[in-house]
Amino acid sequence: GQQVMQIPQYQHVQEGEDFTTYCNSSTTLSNIQWYKQRPGGHPVFLIQLVKSGEVKKQKRLTFQFGEAKKNSSLHITATQTTDVGTYFCAGRVRGSRLTFGEGTQLTVNP
Amino acid sequence: NAGVTQTPKFQVLKTGQSMTLQCAQDMNHEYMSWYRQDPGMGLRLIHYSVGAGITDQGEVPNGYNVSRSTTEDFPLRLLSAAPSQTSVYFCASSYSRDSGNTIYFGEGSWLTVV
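Residue numbers (this note's numbering), protein chains in the order written: chain A, 810 to 919; chain B, 243 to 356.
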């Protein structure tokens with residue numbers, strides 16, 4: 810079945826450092842979504858990427874969708890303590906249901 | 243606008259007990275689903291519904307039942323709780339199952355089975 814792998818599982822950074830999480834699929838995706846979950850909270854939608862090679866930015870967050878639509882990344886520039894949480898990618902193969910990656914748990918040391 | 247509302251937020255059950263996790267959404271969404279979240283395993287789909295009267299199994303359906311008698315409500319029933327069902331449960335909804343629809347999650351229900 811469809812698998813969405815996400816790495817790393819954990820990332821600890823000092824405030825001000827950059828952070829990147831990667832998402833890889835075994836099959837070509839029709840789209841990919843990214844969610845953020847604060848500690849003790851629920852996942853909250855961040856963004857959706859649909860087009861091959863697409864790049865979208867939200868302030869310090871940059872999202873990319875690979876040319877083959879099998880991988881994606883989320884990059885945070887100059888992390889802040891407010892960025893703490895778990896970041897999930899979720900990919901969908903056409904006609905199938907959304908599959909979530911295992912998530913990357915980010916901690917930021919002030 | 244309440245969004246997706248789940249109750250209870252916390253529950254402790256004894257092995258073998260049954261219970262129902264309630265979920266309601268006020269956004270007139272067709273698609274509703276239940277996920278469980280365990281450490282290091284992300285979000286796994288238990289059951290989902292594409293509309294009132296229609297339900298289907300997800301990735302990990304065993305030990306759970308659902309029904310969808312109205313568009314708004316999608317309760318999750320644990321028939322005979324087991325310690326392996328200790329988890330955080332999230333109800334979610336979206337306008338439809340199609341690509342491009344944002345999923346809105348409830349705040350979660352923390353369930354412990356002893």
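The hints are simulated quantities; they were obtained by calculation from the structure and are not laboratory data.
There could be a bad hint or two in this list.
To give an idea of the interface, some chain A residues facing chain B are shown, with a C-beta separation under 7 Å as derived from the structure [claimed, not checked]: (1) Pro852; (2) Phe854; (3) Phe909; (4) Gly910; (5) Glu911; (6) Gly912; (7) Gln914.
Just a few of them, taken from the derived set where beta-carbon distance is under 7 Å, the chain B residues facing chain A [to be verified]: (8) Gly284; (9) Leu285; (10) Gly305; (11) Phe332; (12) Glu349; (13) Thr354.
Label-pair ranges, simulated between beta-carbon atoms [unchecked claim]: (14) B:Asn304 with A:Thr837: 40 to 46 Å; (15) A:Val893 with B:Thr262: 50 to 56 Å; (16) B:Pro281 with A:Ser905: 34 to 40 Å; (17) A:Ser861 with B:Pro250: 42 to 48 Å; (18) A:Asp827 with B:Gln299: 17 to 23 Å; (19) A:Arg869 with B:Asp340: 26 to 32 Å; (20) B:Gln259 with A:Thr837: 41 to 47 Å; (21) A:Gly862 with B:Ser309: 42 to 48 Å; (22) B:Ala244 with A:Thr836: 24 to 30 Å; (23) B:Ser326 with A:Asp827: 18 to 24 Å; (24) B:Thr262 with A:Ser905: 26 to 32 Å; (25) A:His821 with B:Gln259: 27 to 33 Å; (26) A:Tyr819 with B:Asn304: 28 to 34 Å; (27) A:Gly904 with B:Thr247: 26 to 32 Å.
Note that beta-carbon positions come from the ideal geometry of N, C-alpha and C, so glycine has one too.
Status of the hints after comparison with the structure:
no., hint, in the structure
1, Pro852, "holds (5 Å)"
2, Phe854, "holds (5 Å)"
3, Phe909, "holds (4 Å)"
4, Gly910, "holds (6 Å)"
5, Glu911, "holds (4 Å)"
6, Gly912, "holds (5 Å)"
7, Gln914, "violated (9 Å)"
8, Gly284, "holds (4 Å)"
9, Leu285, "holds (4 Å)"
10, Gly305, "violated (20 Å)"
11, Phe332, "holds (6 Å)"
12, Glu349, "holds (5 Å)"
13, Thr354, "violated (15 Å)"
14, B:Asn304 with A:Thr837: 40 to 46 Å, "violated (30 Å)"
15, A:Val893 with B:Thr262: 50 to 56 Å, "violated (33 Å)"
16, B:Pro281 with A:Ser905: 34 to 40 Å, "violated (26 Å)"
17, A:Ser861 with B:Pro250: 42 to 48 Å, "holds (44 Å)"
18, A:Asp827 with B:Gln299: 17 to 23 Å, "violated (41 Å)"
19, A:Arg869 with B:Asp340: 26 to 32 Å, "holds (31 Å)"
20, B:Gln259 with A:Thr837: 41 to 47 Å, "holds (44 Å)"
21, A:Gly862 with B:Ser309: 42 to 48 Å, "holds (43 Å)"
22, B:Ala244 with A:Thr836: 24 to 30 Å, "violated (36 Å)"
23, B:Ser326 with A:Asp827: 18 to 24 Å, "violated (39 Å)"
24, B:Thr262 with A:Ser905: 26 to 32 Å, "holds (29 Å)"
25, A:His821 with B:Gln259: 27 to 33 Å, "violated (39 Å)"
26, A:Tyr819 with B:Asn304: 28 to 34 Å, "holds (30 Å)"
27, A:Gly904 with B:Thr247: 26 to 32 Å, "holds (31 Å)"
Consistency note: the structure conflicts with the earlier hints numbered 7, 10, 13, 14, 15, 16, 18, 22, 23, 25.
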